[in-house]
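Protein chains in written order, with the numbering used here: chain A, 21 to 222; chain B, 148 to 736.
Accuracy of the hints is not assured; some may be wrong.
[What the hints assert, rightly or not] Below 30 Å or equal to it, Euclidean Cα-Cα: the simulated BS3-like pairs (lysine-lysine) are:
| # | chain 1 | residue 1 | chain 2 | residue 2 |
| --- | --- | --- | --- | --- |
| 1 | B | K663 | A | K26 |
| 2 | A | K30 | B | K716 |
| 3 | B | K657 | B | K538 |
| 4 | B | K302 | B | K689 |
| 5 | A | K138 | B | K314 |
| 6 | B | K302 | B | K663 |
| 7 | A | K115 | A | K30 |
| 8 | B | K689 | A | K80 |
| 9 | A | K115 | B | K314 |
| 10 | B | K417 | B | K314 |
| 11 | A | K30 | B | K639 |
[Said to hold, decoys possible] So, partial list: chain A residues that the calculated Cβ filter (under 7 Å) puts toward chain B:
| # | residue |
| --- | --- |
| 12 | G27 |
| 13 | L29 |
| 14 | V34 |
| 15 | K69 |
| 16 | G70 |
| 17 | F72 |
| 18 | Y87 |
| 19 | R88 |
| 20 | P118 |
| 21 | G153 |
| 22 | Y158 |
| 23 | P160 |
Just so you know, these hints were derived from the structure itself, not from any lab.
Beta carbons are placed, not taken as given, at the ideal position from N, Cα and C, and that holds for glycine.
These are the residues of each chain, in order.
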Amino acid sequence: METYGKGILKGLVVTAKRFFNTYIEDLKWWGKRYHTAEGIAHRSSKDAKGIFTVQYPEEKLPVPEEYRANPFLIYDEGENGERDIRCTACGICAKACPPQCIWIVRGSDPETGKPVAKPSEFYIDFDICMNCGFCAEYCPFDAIKMDHDYEIASYGRNLTDMDELLKPAKYYAEIRPLNYALEEAARAEKAAAKAARAAAAG
Amino acid sequence: MTTPAPVEIQDPAAIAGQKLAEKFPGAVTADERPGYTGWMIAPEKLIEAATYIRDQLGYDLLSSVTGVDYIAEEKMEVVYHAYKTTGGPALVFKTQAARVDPIRLPSLTCVWEGADLQEREIWDLYGIRFEGHPDLRRILMWEGFEGHPMRKDWKEAFYDDEVKPYKSRWPEGRHVFAENRTAFGDNVSFAAGFDPEKWTATDPEEALYASLKKYKTEDKDGIPTDHILVNLGPQHPSTHGVFRAVVMLDGENVVSLKPVMGYLHRNHEKIGERNTFLQNMPYTDRLDYFNSMSNNWGYSLAIEKLMGIQVAERAEYIRVIMAELSRIQNHLILIGMLMNDLGAYFTPALYAFEERELILDIFEAVGGSRMMCNYHRFGGVVRDIPEEWMKKIHGLVFDRLSAKIDEFDRLLTENELFVSRLKGIGYLSPEDAIRTSMTGPMLRASGIPYDIRRADPYGVYDRFDFNVAVRYNGDLYDRYLIRIDEMRESLKILEQALKQIPAGPVMSVKPTYQAKVPAGEAYGRIESPKGELGFYVVSNGKPNPYRYHVRAPSFINLTSLEMTCVNQKIADFVAILGAVDIVLGELDR
Chain A
21 METYGKGILK
31 GLVVTAKRFF
41 NTYIEDLKWW
51 GKRYHTAEGI
61 AHRSSKDAKG
71 IFTVQYPEEK
81 LPVPEEYRAN
91 PFLIYDEGEN
101 GERDIRCTAC
111 GICAKACPPQ
121 CIWIVRGSDP
131 ETGKPVAKPS
141 EFYIDFDICM
151 NCGFCAEYCP
161 FDAIKMDHDY
171 EIASYGRNLT
181 DMDELLKPAK
191 YYAEIRPLNY
201 ALEEAARAEK
211 AAAKAARAAA
221 AG
Chain B
148 MTTPAPVEIQ
158 DPAAIAGQKL
168 AEKFPGAVTA
178 DERPGYTGWM
188 IAPEKLIEAA
198 TYIRDQLGYD
208 LLSSVTGVDY
218 IAEEKMEVVY
228 HAYKTTGGPA
238 LVFKTQAARV
248 DPIRLPSLTC
258 VWEGADLQER
268 EIWDLYGIRF
278 EGHPDLRRIL
288 MWEGFEGHPM
298 RKDWKEAFYD
308 DEVKPYKSRW
318 PEGRHVFAEN
328 RTAFGDNVSF
338 AAGFDPEKWT
348 ATDPEEALYA
358 SLKKYKTEDK
368 DGIPTDHILV
378 NLGPQHPSTH
388 GVFRAVVMLD
398 GENVVSLKPV
408 MGYLHRNHEK
418 IGERNTFLQN
428 MPYTDRLDYF
438 NSMSNNWGYS
448 LAIEKLMGIQ
458 VAERAEYIRV
468 IMAELSRIQN
478 HLILIGMLMN
488 DLGAYFTPAL
498 YAFEERELIL
508 DIFEAVGGSR
518 MMCNYHRFGG
528 VVRDIPEEWM
538 KKIHGLVFDR
548 LSAKIDEFDR
558 LLTENELFVS
568 RLKGIGYLSP
578 EDAIRTSMTG
588 PMLRASGIPY
598 DIRRADPYGV
608 YDRFDFNVAV
618 RYNGDLYDRY
628 LIRIDEMRES
638 LKILEQALKQ
648 IPAGPVMSVK
658 PTYQAKVPAG
668 EAYGRIESPK
678 GELGFYVVSN
688 GKPNPYRYHV
698 RAPSFINLTS
708 LEMTCVNQKI
718 ADFVAILGAV
728 DIVLGELDR
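Looking at chain A on its own, in the form it has when it is part of the complex:
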């Protein structure tokens, strides 16, 4: 015999289970379920039960290494605190950029006036940047990378110049440790190969 309402009851059991799961989980975690790194990790894992929400901005989800917000430029810090900008103004990022939001002016030697492989100006129009990450992906010098800072709402326009874009390499190492280690290893290998070649030639 068909009982009308059986299906509804079956569904209500599901919702009730979800409802009580929240409290059961709360008891299991004894106050550690919220505002702790483990609690957040658990709530976004396959074992999550009950309430799921992360209470932004009190709680924040960790962003994965590959996460891409806006691009930034990297400089290496010299011993005396001078900035060695990695960018060589080759313009590959500007060519690869789908919405064409990058503008670079190649620098010139102040004495001879000859162009040098450094940018004198570097602008990114963040109003049209689509955060695709092509600039970082195709930069041959690891000079432009994608940031992790997603809280970038602002009142005005965001035509960003080189001063604002530059961040130290150690910041990059902090947000993308795995990529940084890989790139440094590749660079060291390249330098070693170059030194070996030079030694063989000389």
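Once you've looked at the hints, dock chain B against the given chain A.
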């Protein structure tokens, strides 16, 4: 002694094309431009040939209709891709007209109703008049728009340069904000006789309202009755964005209905033709923003065909894993949102969001963004799945999703209120579904087991054991059930893919931002969660595509909307539209 001629393995579409050419001598010729395939049909024989293709050759599903503007040759071309619902490759046929206004070609709506919206799109964007089309109005642009924007000689208001990289973005070494080059400067032209000052909202839409069937006023038991015209949307929560439906009602019953779209139109295809090949990849993310992984795949498939490159073995599996995860989250959201439309406000939708969050976490870790993944590259994918995230995918697939889909099943499938709202509503017969070019779950819920993963396999789908989900009643309830079935099949594929995935590189070619694409045409199509997602790309050997067309399932699946809504209640329209599964980013492009 003569050596035997090498045995030619011909694909069935080539044999069918031969037959077509024999049947219409002189009118059908092979397209012999280098890199092109298919058959050129003379316009005067087009309808006859199309009927022959449909009835005698068995290519019953007209998938895609594409306009191409060959300005140098002074030709306008229309390309048709027809498929057999029993599977196999496409029969591609084309027809050309001289590029002199007015350009006229016969309409194929009398053979396939599925050509309806697509021909309107071509009229709108290319200005080809389809003779015999029942309702040839603009579809994406508004009625007062002047010109046909996909023509090669048409320039947009914010015109920078013919192709990227632009040299004009920073004129005189100074940045100019887009709004300073305002559209209301000297960049805008209006149609002849159009005065924006005198414009009133109803004027350009007379043709739209006239195209609706009217309910005849009559005296019923002494009470005079009349039709009611209702504009649902574009600002209406049930239309999933800025979609609008103009509905003619008799009391509560739908008499006639016209979809109105284009509110989110950004001329994706024109942007695509200005972009370089690779630059289009992140733009495809923004079509159907629920399934950017699938969109990426469709586009890379077309370009890889043109380039003639193989995809790295591991990347093929990663693509399958990502596409199937994306299918699961799409179907979950669809069901959740369908419940919202029916009035089960947000409980099922948020349950669906939980699983979706977990899947999007994976996309974020591999692609860098939750929705705009930009993950595929020509020849593979941009990066491998990190070890720790591979474990998470395993956990999700083997330990969680199956139980959660079952939970959804328990929550909804037998719910009497839900069943009574869905069963027998919005019926679409299998014949109508094929005629109107339905694809994806819409077609399969009407009893046609047509799934591109099986019918014309791409990637490594031929290596997996799964069933094509099919339901036979063709009503809303089956369109719901088929999504549950498909999620289970997707899990099956995921389990196999995760077990079989080989180690190795994820790119078969050196990554470069300047893809060298030989001249020719290619059509890449995938079974996206919403239906057949196709990319028709023509290259002329330059760094930018000459023609870039998206065959959007959300768009073409609306062809049957009126058919399924007529004689249903206005409240059911909301559910019928919800079950079509439209995304406005893809619909309006």
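The hints, checked one at a time:
no.	hint	verdict
1	K663/B <-> K26/A	62 Å, violated
2	K30/A <-> K716/B	29 Å, holds
3	K657/B <-> K538/B	28 Å, holds
4	K302/B <-> K689/B	20 Å, holds
5	K138/A <-> K314/B	20 Å, holds
6	K302/B <-> K663/B	26 Å, holds
7	K115/A <-> K30/A	58 Å, violated
8	K689/B <-> K80/A	46 Å, violated
9	K115/A <-> K314/B	10 Å, holds
10	K417/B <-> K314/B	18 Å, holds
11	K30/A <-> K639/B	26 Å, holds
12	G27	3 Å, holds
13	L29	9 Å, violated
14	V34	4 Å, holds
15	K69	10 Å, violated
16	G70	10 Å, violated
17	F72	5 Å, holds
18	Y87	6 Å, holds
19	R88	4 Å, holds
20	P118	4 Å, holds
21	G153	6 Å, holds
22	Y158	5 Å, holds
23	P160	11 Å, violated
Checked against the numbered hints above, the structure violates hints 1, 7, 8, 13, 15, 16, 23; every other hint is satisfied.
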